[in-house]
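First to last, the protein sequences are chains A and B.
Everything in the first sequence is counted per our numbering, starting at 1 for the first residue and increasing by one.
Everything in the second sequence is counted per our numbering, starting at 1001 for the first residue and increasing by one.
Hints may be right or wrong, so weigh each one.
To be verified - Per the computed footprint, the stretches of chain B lying under chain A, defined by three or more beta-carbons under 8 Å from a beta-carbon of chain A, are:
no., segment
1, 1063 to 1069
2, 1184 to 1191
3, 1198 to 1210
4, 1227 to 1235
5, 1297 to 1306
To be clear, the hints were calculated from the coordinates, so they are not data collected in a lab.
Beta carbons: idealized from backbone N, C-alpha and C, even for Gly.
Number of protein chains: 2
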Amino acid sequence: MSKLVIVGTVAFDAIETPFGRTDKILGGAATYISLAASPFEVDSAIISVVGGDFPSEYLQMLKTKGSDISGLEVVKNGKTFFWSGKYHYDMNSRDTLVTELNVLADFKPVVPESYKDAEVVMLGNLHPGVQLSVIEQMTSPKLVMLDTMNFWMDNAWDELMVVIRKVNVLVINDEEARQLTGEYSLVMAALKIMEMGPKFVVIKKGEHGALLFDENDVFFAPAMPLKAVFDPTGAGDTFAGGFTGYLAKTGDYSFANMKNAIINGSAMASFCVEKFGTEGLVDLERSDLNKRLIQFKNLTQFDIELA
Amino acid sequence: MSKLVIVGTVAFDAIETPFGRTDKILGGAATYISLAASPFEVDSAIISVVGGDFPSEYLQMLKTKGSDISGLEVVKNGKTFFWSGKYHYDMNSRDTLVTELNVLADFKPVVPESYKDAEVVMLGNLHPGVQLSVIEQMTSPKLVMLDTMNFWMDNAWDELMVVIRKVNVLVINDEEARQLTGEYSLVMAALKIMEMGPKFVVIKKGEHGALLFDENDVFFAPAMPLKAVFDPTGAGDTFAGGFTGYLAKTGDYSFANMKNAIINGSAMASFCVEKFGTEGLVDLERSDLNKRLIQFKNLTQFDIELA
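Just chain A, same shape as in the assembly (with noise of 0.2 Å):
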């Protein structure tokens, strides 16, 4: 078993659906990375900030569910990320209400020193220039995974391209793949990405499922068909947190074991949609994902016969 490094905003969340809506409830990118991964019993550690007003219930929660929080710098007289937003009846588009940096806005990360030597580091969406300074801290990591998104494309160009050469694989979703190239065939998309660096490109299309490209093979997971759709928060970043997750646990990173590990990403980002927030992750058991991904096998796997 491999060491997993996570590094994302820990958060708070205010979300409307068309199911109903939350006040602030815990969120961010790590948060539900570190949930993602917890079924695998990894050895984790949180790289993220939060402010003095962060209930220290949630800091337990995390701790318990199996993630190190040495990492995780308190502000004591700073805020915690906000962000809040409002979904519309599709799930698919979103609009974001507020989004307050606070402490975010001056984040620092540093690994602690017992996980430099982390095998697995899971980029999760900030600013390139936090993620490089994570990549550059790290002594010898096997497999990097960045999570990005369009508001770097826009305001980050070159910092992102920097930090995209250095990574293994880059997950994104479908408008950014086609942002990020210029190309509207995804499959064209990942092959250009592929130039940019990075040896695997994992293109996530929501309620339409995952695509992983490397340069000779792809290979498509799709979402769990669910009677509803709660609340998408962090469907994404559960994803990866599955997938990295699983991969850590494993410690073998070719693409054979990478279709496992989307399957299991896919399976825990269906749990994370069916409740709000990360209602759907903290409850959760292994014999949940055990059963579910099962339900994934039956969903996927044929028997076909050439004539």
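Position chain B relative to chain A; hints supplied.
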């Protein structure tokens, strides 16, 4: 092996995509369905109508590809159905520029005596009254599959409900499934459609693949990721042709075998969209299909171990 009856338009299409445009070329639902069933070498018949302007070499080609055309009426002094459409850059939306029903306006389908005992019937998108007339001519069909569209929901709801009640499989796209049921979730939509009569529901999501439902199970097949989608015209019909062609070939109408049928349909559709009109299907060899089926295996199959 079972006989396959194919009902639908045989038409002229004029197509404009971001990659080019055609004059009047061979098109129509029954054309695509029959070409897609061809690699399975089933005993199939096209029930349709064309005008005196329909080239005899097209009729000859359909025969050469294995379809009985004794039920394909030629109205000597009539004109063939004509459709013209333009695709937008994303290829997921299109505008219909021209629809000339011509001989289709008075179409009375007649199933040849020798095909009344066919086990498999593929009812391509047409007026539900025409579809019903074909069902009533069959003596003992085992599997009747129906395609329809929003136009008939808007203009022939009652007749559509009558025919839906009589079929085993409804194939429909995602937006139409939502319109038909008032449910946004495709899982909920499929459950409601099964209450209308069909034991199986296939929901087509275009480039995002297709879902197969019965009351207990769900199966998903992705679309093959391609470097370029050249022309989506006929992809849905090609999918249906591969699906029913495979089922007629194997004579096994179980959910488990429908999984294989969906994959065969998806494979055939992937050839369709790679070229203009029917070009990708006319010259297709069985060995091409076999190669693509292996690609579908590689695209979707994984071997997960449960912890």
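### Query
Taking each numbered hint in turn, which are not upheld by the structure, reported in ascending numerical order?
Checked against the structure, the only hint that fails is number 1, while the rest are satisfied.
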